Amino acid sequence: MNPQDFKRILISFADSADDILENKGKITGIIRNEAIEIQLIDKEGELFIREDEEEIKARTWIAKRLAQLEQLADRIREFLPATKDFINPTGSLLDDIDIDPTETERPTDNVTECLREKLGQRIPGTTGVVYLTCDAGEGKTTIINHLAVHQAELFKKKRTDWLLVPIPLGGRPFLRFDDIVIASLVNRLRFRLFYYESFIEMVKLGLIVPAFDGFEEMFMVSSSGEALSATGQLMTKLNSSGNVLIAARKAYFDYKGFGAQAKLFDTISMDSVSFAKIGINRWNKTQFEAYALSREIYNGEEVYELIESQLGSDHPLLTRPVLVNQLLSVVGNDNNLDKISSSQLNSIDYFPNFVDTIITREADTKWIDTSGENKPLLTVSQHYELLAALAEEMWLNNTDSLSLSIVDLLADLYSESNGFSVQISRQIKERLKQHALLIKAEVANQLKFDHEEFKEFFLGVSFFNALAANRIQEFKNLLRKGLIFGQTIDVLANYGRKEEKIKIQDIAKIFKIIQLTENTASYVKENCGSLILKILSGKNSVGIILENYSFPVDSLKGVTLNNLVIRNSHFQPTAIFSTNIQNSLFEFCTFDSLEIIKNHNVIDHSILHDCEIVAVQNSITELEFYDPYNINRELLALGFNFGKVEVEEDNQVRVEVDQDLALVQKALRRFIRGSHLNDNVFRIKLGQNAEYFIDHLLPILINDNIIKEIEYQGAGSKRRFKLIAPFDKINFALKNSNGEFQKFLEKMKDNRGFIEQS
1 MNPQDFKRIL
11 ISFADSADDI
21 LENKGKITGI
31 IRNEAIEIQL
41 IDKEGELFIR
51 EDEEEIKART
61 WIAKRLAQLE
71 QLADRIREFL
81 PATKDFINPT
91 GSLLDDIDID
101 PTETERPTDN
111 VTECLREKLG
121 QRIPGTTGVV
131 YLTCDAGEGK
141 TTIINHLAVH
151 QAELFKKKRT
161 DWLLVPIPLG
171 GRPFLRFDDI
181 VIASLVNRLR
191 FRLFYYESFI
201 EMVKLGLIVP
211 AFDGFEEMFM
221 VSSSGEALSA
231 TGQLMTKLNS
241 SGNVLIAARK
251 AYFDYKGFGA
261 QAKLFDTISM
271 DSVSFAKIGI
281 NRWNKTQFEA
291 YALSREIYNG
301 EEVYELIESQ
311 LGSDHPLLTR
321 PVLVNQLLSV
331 VGNDNNLDKI
341 SSSQLNSIDY
351 FPNFVDTIIT
361 READTKWIDT
371 SGENKPLLTV
381 SQHYELLAAL
391 AEEMWLNNTD
401 SLSLSIVDLL
411 ADLYSESNGF
421 SVQISRQIKE
431 RLKQHALLIK
441 AEVANQLKFD
451 HEEFKEFFLG
461 VSFFNALAAN
471 RIQEFKNLLR
481 KGLIFGQTID
491 VLANYGRKEE
501 KIKIQDIAKI
511 FKIIQLTENT
521 ASYVKENCGS
531 LILKILSGKN
541 SVGIILENYS
551 FPVDSLKGVT
561 LNNLVIRNSH
571 FQPTAIFSTN
581 IQNSLFEFCT
591 FDSLEIIKNH
601 NVIDHSILHD
611 CEIVAVQNSI
621 TELEFYDPYN
631 INRELLALGF
641 NFGKVEVEED
651 NQVRVEVDQD
661 LALVQKALRR
671 FIRGSHLNDN
681 VFRIKLGQNA
691 EYFIDHLLPI
701 LINDNIIKEI
711 EYQGAGSKRR
721 FKLIAPFDKI
731 NFALKNSNGE
741 FQKFLEKMKD
751 NRGFIEQS
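Residue 357 in the UniProt record's numbering sits at position 357 of the sequence shown, and the numbers go up by one each step.
Take these hints with a grain of salt, some might be off.
Keeping only pairs whose Cα atoms sit at most 27 angstroms apart, straight-line, the calculated DSS-like set for lysine-lysine is [stated by the list, open to error]:
| hint | residue 1 | residue 2 |
| --- | --- | --- |
| 1 | K250 | K481 |
| 2 | K476 | K501 |
| 3 | K204 | K285 |
| 4 | K204 | K64 |
| 5 | K735 | K685 |
| 6 | K509 | K539 |
| 7 | K512 | K501 |
Ranges of calculated distance between the beta carbons of each label pair, as one might list FRET restraints [as the list claims (entries may be wrong)]:
| hint | residue 1 | residue 2 | range |
| --- | --- | --- | --- |
| 8 | K718 | K481 | 48 to 56 angstroms |
| 9 | E113 | G714 | 21 to 29 angstroms |
| 10 | G687 | K718 | 39 to 47 angstroms |
To be clear, the hints were calculated from the coordinates, so they are not data collected in a lab.
Every value quoted in this text rests on a predicted model; they were computed, and no experiment measured them.
Even glycine gets a Cβ: it sits at the ideal position worked out from N, Cα and C.
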C-alpha cells in the first residue's frame, strides 16, 4: 500500500475530503467526529502508521482503528441467526479457469471449508467472483450465515484477517448496490461506521468479502439488464481487486450465449475478473441422520429408510434441508410415519401435499379451541386462506417479513370477515404467531415464513383464489406487482391443471383478456407467459390458441405440449431439454435463441411456420448458428418441420461454419469464465487444434483489436490475454458472418452496422 492509496481510503471514511489534511507524511483529520493525528512511515517499502507512539502496519491500522472490524465481527455474531444444528453439505468446486483450465468440477466433502478457503484466496490484480449455487431450500443462506459467524469468531481470535458480510437481496426488485449494502449494515447488523465508498475500499483490501444472497431473479437472461449492469459496475469499482460471493440457483456464466453475457461483461470494461463456482449437493442418508440426531430425534435412520422404501432415496423430502426440517417436526420421535404416505407425496405434487400434511397437523392437533368444546379453531382450507393473506401482504409491500401488529391486524380482518367470535379471534391471533410455517425474522418484532418457498407457495394460493373466484382485476393487480417465481408458478400451474375450480380453456381466455393492452415490458405480460405453458403442460390443448404472448427464459424447458397453437408471440432465450412437443403449431413467432441439449426431447408432428429464429446453440459442439440453413438443419434434426413453407435444400443457401470460425467461437467462449486468460487455457480446451489457433488465428484476433496480449506476471513463461471487444459486438459479428471467419472479422470492424442493429 502506498501513501496515496492510504489517503484515499482515509477520505472514504470522512464526511468530506476537506476533513483530511496531509503535510509531509503527517495526517490530521476528523473521522466520525473524532480527531485523528497520525504519521506515515515507510519501513523497507511497507507503509506503517504511527499513532500515540505506537507503530503498526497500515492495513492493520485500517482494520482495527479506522474500520473497527472487531466491532463489525461482534455485530455479525450477535445479530445473525445462530444455526445450532448446522450440517455441512458436500458439493463440488469449479475453480477459476486459470487455476484449472480443464473446467472440471472437483468434489468436496466440506462445502463450508471449501468456500472459506476459496474466498480467502487473493489473486493479484484480479477480482474473484465465487458463485454458490443450488436450488431453493438446499442451504445457500444457511451456509452463508454459518460461515459469516464462524469467520467472525476466527477474526476475534486473530486467526483470520477478513470478514464475510451477508447482504440478503430477498428477491425484491433491484435497488442500487449502495442502498442494499448500507441498509444491510445499518438495519440488519446495527453497524453505522461505513459509507458505501468505505465498504468498497474494505473489499478491495480483502478485509471484507460481501455475500450477495438472492440473485435468482436478477441474473435471469430476461432481466432488463439493470442488475447485471450494476454488478458490472461493482466489479469496475473494485478495480481488479477483492473477492465477492454471489449466491444464486445458477451461475451466470452457465448462460452460454454471447448476447446474454454482454449484459454483464460489457460493463466490466477493462478490469480483470475471474469466476468460480461452488455447487451444493443435496443431502444423503448420512446428513439426514446427523441432522435428526442434532434435533434430538433418535430414530432418524428408521424414518429415512421407511420413507426411502416408499418414495426413493432421491425424493426431496430426504434431500432438501428445508423439507427435512419440517418432516422431522411432523414425525418427531413418535413415529407418526402414517402421516407421510407415498400416495400423498407423489413425485409431481410432493410439495403441496407435504404442506397439506403440515397444515392438517396444525389444524387437528395444535389449533384447538380452548373456549368451549375441543374442536379445531379453523378448517384446513381456512388455514390456507389465512397464510395466503400474509403472503399477499408481503408481496404487495415488497417485503419478506411483517410486523406483529400487521399480523394481528390481518388475523382480525380475517376473523371479522368470517364472523368469528371474540374468543375465537383472540386465539387465532395468538396461535398464528406460533404457526409451524412462520418464524421470527431478523428484524425485531417481525414474523416471516420459515423459507421463501413457503411464502411463494401461499402467494400462489392467493393468486389462484383470485383467479378461480373470477376476481380478474384483483388477479391482474397481483400480477402487475412484479415477476413471480418458483412455488408461486408451480401452485398456479398445479391447481390450474386439476381443473377443479376453473377450466384451462377459461384460464386461457382470462389471460388473453388481461394481457391484451399490456406493453411488452409489462410484468403482467411476462407473468402470463411464465404461467400459461406450465398450466398447459401435460394437458390436451386442442382448441386453445395463444396469441401475442411474451414467454420468459427457458419457457420450453421441461414442458409437455400437445395440440397447442401459438401465434405472434416472442420467446426469450430457451433451452430445449426434457421437452415434449407433439401436434403443435408455432406460427409467426420470434425466438431469440434456442439452446438444443439433446437429452430426453420428443418433438413430433410440430411445425414452425414462418417463424423468425435468431440463433440456435448446439450444446455438444459449442457452436452457435445464425444463418437459416444451419438453424433449419439443427431444428429438423431435433424433430421440428416447417410445414408448407419448408424450403427445399436446393433453394436454400448452404452455409457451413468454417473451421477457423468454429475455433474462434470456442476460444472466445472461454472468456465467459474470466476476462483475462493464460495461453494454457486455449491449449487445453482446443486440444489438437490449439497450436494452429495460437500460431495462426490468435495473431489475427490481436491485430484486429478483439483480443489483447498483456504482461504475464506469474512464474514461468506463459502468455496472458484479455478480451477487449464487447460481447455484444462479437454477437453481432457472428450473426452476420454467414459462418465465415473473414466475414466475421469484417463485421467486427463494421461499427456503423453494429450501432444500427443495436
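Status of the hints after comparison with the structure:
Restraint check for K250 and K481: the C-alpha separation of about 24 angstroms stays at or below 27 angstroms, so the hint holds. Distance hint between K476 and K501 is fulfilled; the C-alpha atoms sit about 18 angstroms from each other, no more than 27 angstroms. Between K204 and K285 the CA atoms are separated by roughly 41 angstroms; this puts the pair beyond 27 angstroms, and the hint is violated. With a C-alpha separation of about 16 angstroms, the suggested pair K204 and K64 falls inside the 27 angstroms cut-off, and the hint holds.
Using a Cα cut-off of 27 angstroms, the hinted pair K735 and K685 holds, with the two alpha carbons roughly 24 angstroms apart. A hinted pair counts as satisfied when its Cα atoms are at most 27 angstroms apart, and K509 with K539 qualifies at roughly 16 angstroms. Distance hint between K512 and K501 is fulfilled; the C-alpha atoms sit about 19 angstroms from each other, no more than 27 angstroms. K718 and K481 have their C-beta atoms about 52 angstroms apart, which keeps the hinted 48 to 56 angstroms range intact.
With their beta carbons about 26 angstroms apart, E113 and G714 fall inside the hinted range of 21 to 29 angstroms. Separation of G687 from K718 is about 18 angstroms and departs from the stated range, judged on CB atoms against 39 to 47 angstroms.
Comparing the model with each earlier hint shows violations of hints 3, 10; every other hint is respected.
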